[in-house]
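The listed protein sequences derive, respectively, from chains A and P. Just so we're aligned, residue 1 is where the first sequence starts under the working numbering, counting upward by one. Just so we're aligned, residue 1001 is where the second sequence starts under the working numbering, counting upward by one.
Just so you know, the hints here were simulated from the structure itself, not pulled from any lab data. Treat the hints with care, since some could be wrong.
[As the list claims (entries may be wrong)] Estimated spans, in silico, between C-beta atoms of each pair:
#	chain 1	residue 1	chain 2	residue 2	range
1	P	A1258	A	D29	23 to 29 Å
2	P	M1188	A	E153	42 to 48 Å
3	P	G1124	A	P197	24 to 30 Å
4	A	S47	P	D1298	31 to 37 Å
5	A	E176	P	E1154	56 to 62 Å
6	P	D1136	A	P39	28 to 34 Å
7	P	M1188	A	E176	28 to 34 Å
8	A	V143	P	N1082	53 to 59 Å
9	P	G1290	A	H148	51 to 57 Å
10	A	D29	P	I1245	17 to 23 Å
[Unchecked claim] Sample of chain A residues lacking proximity to chain P, with all beta carbon distances greater than 12 Å (derived):
#	residue
11	N31
12	D120
13	R146
Heads up, the beta-carbon is just placed ideally off N, CA and C, and yes, glycines get one too.
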Amino acid sequence: MNPIDLVVDAVPSGFGALTGSLRRRMAGDFNVDEWGLDPELVALVDSVFGLRWNISVSGADRIPKVGGAVVVFNRRLGVSEPWVVARGIRQATGRFVRTVGAPDVVAAGPLLRRFGAVLDRPDEVAGLLRAGQLVGLPMRRDVLNREHVGRLEVGRIRAALETGSPVVPVATVGREMGRDWQLVVGDPVRLRRKAGPLAAQELAEATRSVVQELLDENLPANWWW
Amino acid sequence: MRVLVTGMGGELGTRVVNLFEHDPAVSDICGLDAYPPRRRIYRVAFHRVDPLDRRKAVSVVRDFDPEVIVHLGIYEPNARFNPTPARLGTAASAVSVLGAAASCPSLKAIVVRSGIEVYGRRRGARTRPDIDSAVDPTTPFGVSLARVEDVAREAGQAAGVPVTLVRGAPILGPSFPSPVGRYLRLPMVAVNPLAELPFSLLHQEDAAAAFVSAAWVRHDGPLIVAGPGAVTASQAVRLGGRIPIPVMGPSWFFARRAAELLGAPLPPHVAELIVRGGVADPTSGVEVLGVEPRSTRDVVEQLYRWETVASVPVTHHRPGDQPGRGRVA
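This is chain P alone, in the form it adopts within the complex (with noise of 0.2 Å):
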């Protein structure tokens, strides 16, 4: 199987192709970022591509002929990039790679990264939404997570193949650059205690399983993959050891200052989260993915988890040793 995975950069996008490349039943892999992969590579193709360079990007694709899209091309605001930036480069990415994937001779699957923030969390919605529920998005970053859901299912159809939205819970883990993990790790956090309704979170291994069982498995339509249980935001403070401090209607504009300050600013998705909730119901993605996620207790206690810092001996590694060698294109 020949496999694209774009949004390789990432902690996510890394851990995925690292899966894949232990797959013998892959025989290539092409990855495309803005950014070099976070891990050793050891047979992937590496391609550094702006978001925005569209004429690079779909060069890239054309040339590759992928079996399998993996699109994990969705930038969170305020993950690595600024709210605005992340939004460009979400639907330009979506555009230019998908676009390009749908005239490719040898596609069969596309798998897109999507969120449960589509279904937004309007007064009266439904608390906790399943696949069959109404895309219904309530912030920006909802809307684009939409928008990238409409281009891949125009491609799907343009090129007669399955697409695999995998709504997924906000990803969370130790080292996964997240706005609600860098929100809820500082040291007091501000909370609605009057208001707060409790969310789910996916570990970002479970996620990366996720993804790589959908390229397997090519259902075509969404799929829900959330930890089982939830949390609220004053009990996952509390659970990590911090201060909740009460924070209620315009004090939430000082508290949003306050935490950009201190370097974990709150988008309107993650403030979104704390306050309002984000449930799902993840039976889907059980049932057809096979993946069972951790729950998100364990997952916010991973969170708060730093592990002892292990000091690993270098290795170097000549030509041959090796399956094949990462190369930066």
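The following block holds chain A by itself, in its conformation from the complex (with noise of 0.2 Å):
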């Protein structure tokens, strides 16, 4: 028996799921999928992210239940954003949001990778969504007014058009230091043109404006931040 089974062994097994869970991740015996999302992972964590977030959803049904779809948000400095995003969905729907936006490096790219996030390539988000996968996809961070969403690029949403994915447009309102952060989710936005060279641009600017409207609807007023 070489060491690493007898470490396995010497775990002790009536801990609970905790216990367990390590038990099977030093044997192997645990799940990551083609682009890295370790979900065991995430349930390990997921009490960790609890400590740090506390995260309340509105319209959670307005995100389908299956194939795959686009979540659009927005974000002020983005640190916090794209993991409220993440676990807010996932508490309100089961279901894992593949965030774009992680780095091709060393340490930094497969440890997110681990945790749903993907390369911010089109044609990934376009294979993501044929696999039936929900796409988180940040728009740009507008630091200095916290009232205003920032650009979401045509580039960025032009995956949704190829592959005929519902778009979700999602408010996130809270502060970077702060615990409590809600998420309000709208309707997915109406495709005017379902192909031609302004599709991408209409539907962009389309999902920004309502983007923006939940933030107005939903940002307190006597906000310090």
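Join the two chains into one complex using the hints; note that each chain is given alone, in its own frame.
Written as structure tokens, this is what we have:
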């Protein structure tokens, strides 16, 4: 028996799900999907995330229960928002959000992929949507003005048009250093055109305006930040 | 149907011709390789031909005049050959066999073994490419496969027949000579836990079934065949009860030398697979070929499973006992 097996056997089995999960992981008995998502690792650290963020979600029933969809959300500084959106939607719907923007560099890239991050490439997003995944698409940062949502790049939303996937706008309301966050999910954006050079442009503008409306309706007036 | 199978001496080639032998619709089978087949064959005309012996290979192909050619004469570096002979053999075999096949009057289809290594794993490259993704190999084996694909396309255009490029995930099996399999079965395996990405594998039986199906379907273009799901290197190592050794940066140099000394050299395409991962969208293979490969996790578990040795009583066949007898030319 090799030393790793000895350690696995030494992990006590009577301490609930955590030790059981650790034993399985040390034995290699867990699943990683083709993009690197490790659902069991996400579940393991979920309680830690729960200490950092308290998330309430409204309108979660507007997110498709199956099939590919793009979740477009605003961000201010952009550190908490991807985690908040991924955890909030997972808690509300049971679906994992594959947030676009993982760097393809050692340590950070593979680690973020374990939690669902994916590369920022239109063909990567299209492949995820065809595979029935929920893709999280952050808008540009707007650090200075909390009342304005950032720009949504046209190239990033084009995959939704190509695959005919619904685009669901989500407004994130919260402070970077705060614990309480709110997610407001809007109705999927209706497409005026399904093809043509203007289609992606119009879809990006329509999505941005819906996220702006959701933010206007839900942003507290008396925030100090 | 008259089928010519190159690379027949390997595990995959022998298994493919065994499957063709059981199909009554296949009237004649001809096989080529530098080494004799691994299993008993019953009605295959096997020709022992060195990959670099172009004259003999061309003569055999033209004399047989195949309807379908299944080109499995791809020599993976450090599987049975060292990297240089493997590269030269792969290139020479493709040019001579596919070139000769293009001038055969009965030819109706070409099926070629390729691999997902043709997509490469350049930094920022798509994680899970599909058949529409651009070919951009980043290892010598990937480059070899891409060249074979080019030769096959050229031969197909010259003959006016469909060319099926079967881009398989790395093929593994309990008895399949594979550098990935050998490496993962070392008692201690170097992995990079901070950088590793998942990879997919393909079982040898599923690969054989895919090539036989491709010979009948006659699809024109690339297809991806890979086991669903993926594993990381350290996960595979632990599934096999081996000890993962964390290795990073320049220490890979020493890890490679150590693996080579232990009999499991690590060619660049395997090192890339272990660290940068390697998956592809297998939807096309399932839809077109109708072959549903076993999962990557199952392939890894079978790699480490040592079946009990079974004693099979020897049977002596007399002429006429079988539908045909293997003969070596």
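Hint-by-hint comparison with the structure:
no., hint, result
1, P:A1258 x A:D29: 23 to 29 Å, "27 Å, holds"
2, P:M1188 x A:E153: 42 to 48 Å, "47 Å, holds"
3, P:G1124 x A:P197: 24 to 30 Å, "26 Å, holds"
4, A:S47 x P:D1298: 31 to 37 Å, "32 Å, holds"
5, A:E176 x P:E1154: 56 to 62 Å, "58 Å, holds"
6, P:D1136 x A:P39: 28 to 34 Å, "31 Å, holds"
7, P:M1188 x A:E176: 28 to 34 Å, "44 Å, violated"
8, A:V143 x P:N1082: 53 to 59 Å, "57 Å, holds"
9, P:G1290 x A:H148: 51 to 57 Å, "53 Å, holds"
10, A:D29 x P:I1245: 17 to 23 Å, "20 Å, holds"
11, N31, "7 Å, violated"
12, D120, "9 Å, violated"
13, R146, "32 Å, holds"
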